[in-house]
Amino acid sequence: MRIYVQGRDEKGIGRIGFVDVDAGDPTRVLRVSPDPVLDVGVPGAFDDNGVFQTCVLALPDGTLAMYYVGFEICHQIRYRLLTGLAISHDGGETFQRLRATPILERSPHELHIRGGPFVMAEGGVYRMWYVAGSEWETLEGKAMPVYDLHYLESADGVIWPEAGSRVFEMNRDVEHGFGRPYVVKKHDGYQMFYSVRKKQPLGYRMGYAESPDGRHWTRLDEQMGLDVSASGWDNETVEYAAVVNAGDKTFCFYNGNDFGVTGFGVAELIK
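So for the sequence shown, full-length UniProt numbering puts the first residue at 1; every next one is plus one.
Hint data in this document are derived by calculation from the structure and do not stem from the laboratory. Hints are not guaranteed to be accurate.
To be verified - List time: in silico BS3-like cross-link candidates among lysine-lysine, alpha-carbon distance up to 30 angstroms:
| # | residue 1 | residue 2 |
| --- | --- | --- |
| 1 | 271 | 198 |
| 2 | 198 | 185 |
| 3 | 198 | 186 |
| 4 | 11 | 142 |
| 5 | 142 | 185 |
| 6 | 198 | 11 |
| 7 | 142 | 186 |
| 8 | 198 | 142 |
| 9 | 249 | 271 |
| 10 | 271 | 185 |
| 11 | 271 | 186 |
| 12 | 199 | 11 |
| 13 | 186 | 249 |
Could you build the full structure based on these sequences and the hints that come with them?
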């Protein structure tokens with residue numbers, strides 16, 4: 001299995017690479033990309049201060065489409081997150097931007113954040129679940145973004161509407177953000193694995209939802225079954241689940257403390 005990851009340099013700027021692991025034993029690393037497959041954008045672009053991958057999709061022509069998020073440092077707000085698209089013609093060894101501007105640009109209804117996309121091609125359309133937000137609030141003396149999950153459709157995977165429909169409501173008393181969704185299609189509906197950014201304790205936990213059609217979702221967070229550890233690299237936060245099947249096993253790759261500062265981990269579904 002090839003897992004696309006973001007590696008940060010000494011300044012905290014992220015670039016995208018990959019880690020190949022044994023599908024039968026994903027703790028066994030086979031290869032790590034020596035160079036970024038996608039570097040930061042040109043100065044002044046929406047992705048000039050970091051890029052991070054959220055979804056790679058195989059296209060009918062044999063190429064791979066990477067939907068990624070550009071990190072832009074701002075002055076009046078801390079940062080802005082918008083979505084870009086890059087294409088690989090060599091099996092995922094390298095990616096080239098489709099264009100230097102976002103495919104999800106700022107809009108009147110989604111002003112600061114239009115990122116974290118997960119895209120699925122189905123029924124002749126491209127379906128996207130992503131995070132969007134236009135607000136900030138102060139938590140523990142720090143300005144934090146407010147963002148929730150939205151849904152969009154596109155005919156070509158490149159041109160998308162200016163705003164999507166909200167997936168489900170957030171509990172603003174205890175939550176201020178929903179992190180990148182990861183959607184799995186099952187024979188009887190859809191599963192969504194996402195991250196819930198809590199106000200107390202401040203940080204991410206895992207969320208889980210189910211849907212019959214990918215549009216109408218029921219939150220079932222208590223069924224996720226994966227929380228912080230008692231100690232170690234993921235004892236404060238867990239987030240950004242990616243759930244994949246390998247043979248008769250199901251694995252959940254995820255990040256831990258400080259958005260995965262020390263790497264990523266894997267959990268196996270106990271059936």
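Non-conforming hints, listed in increasing numerical order: Per hint list: 5, 7 violated.
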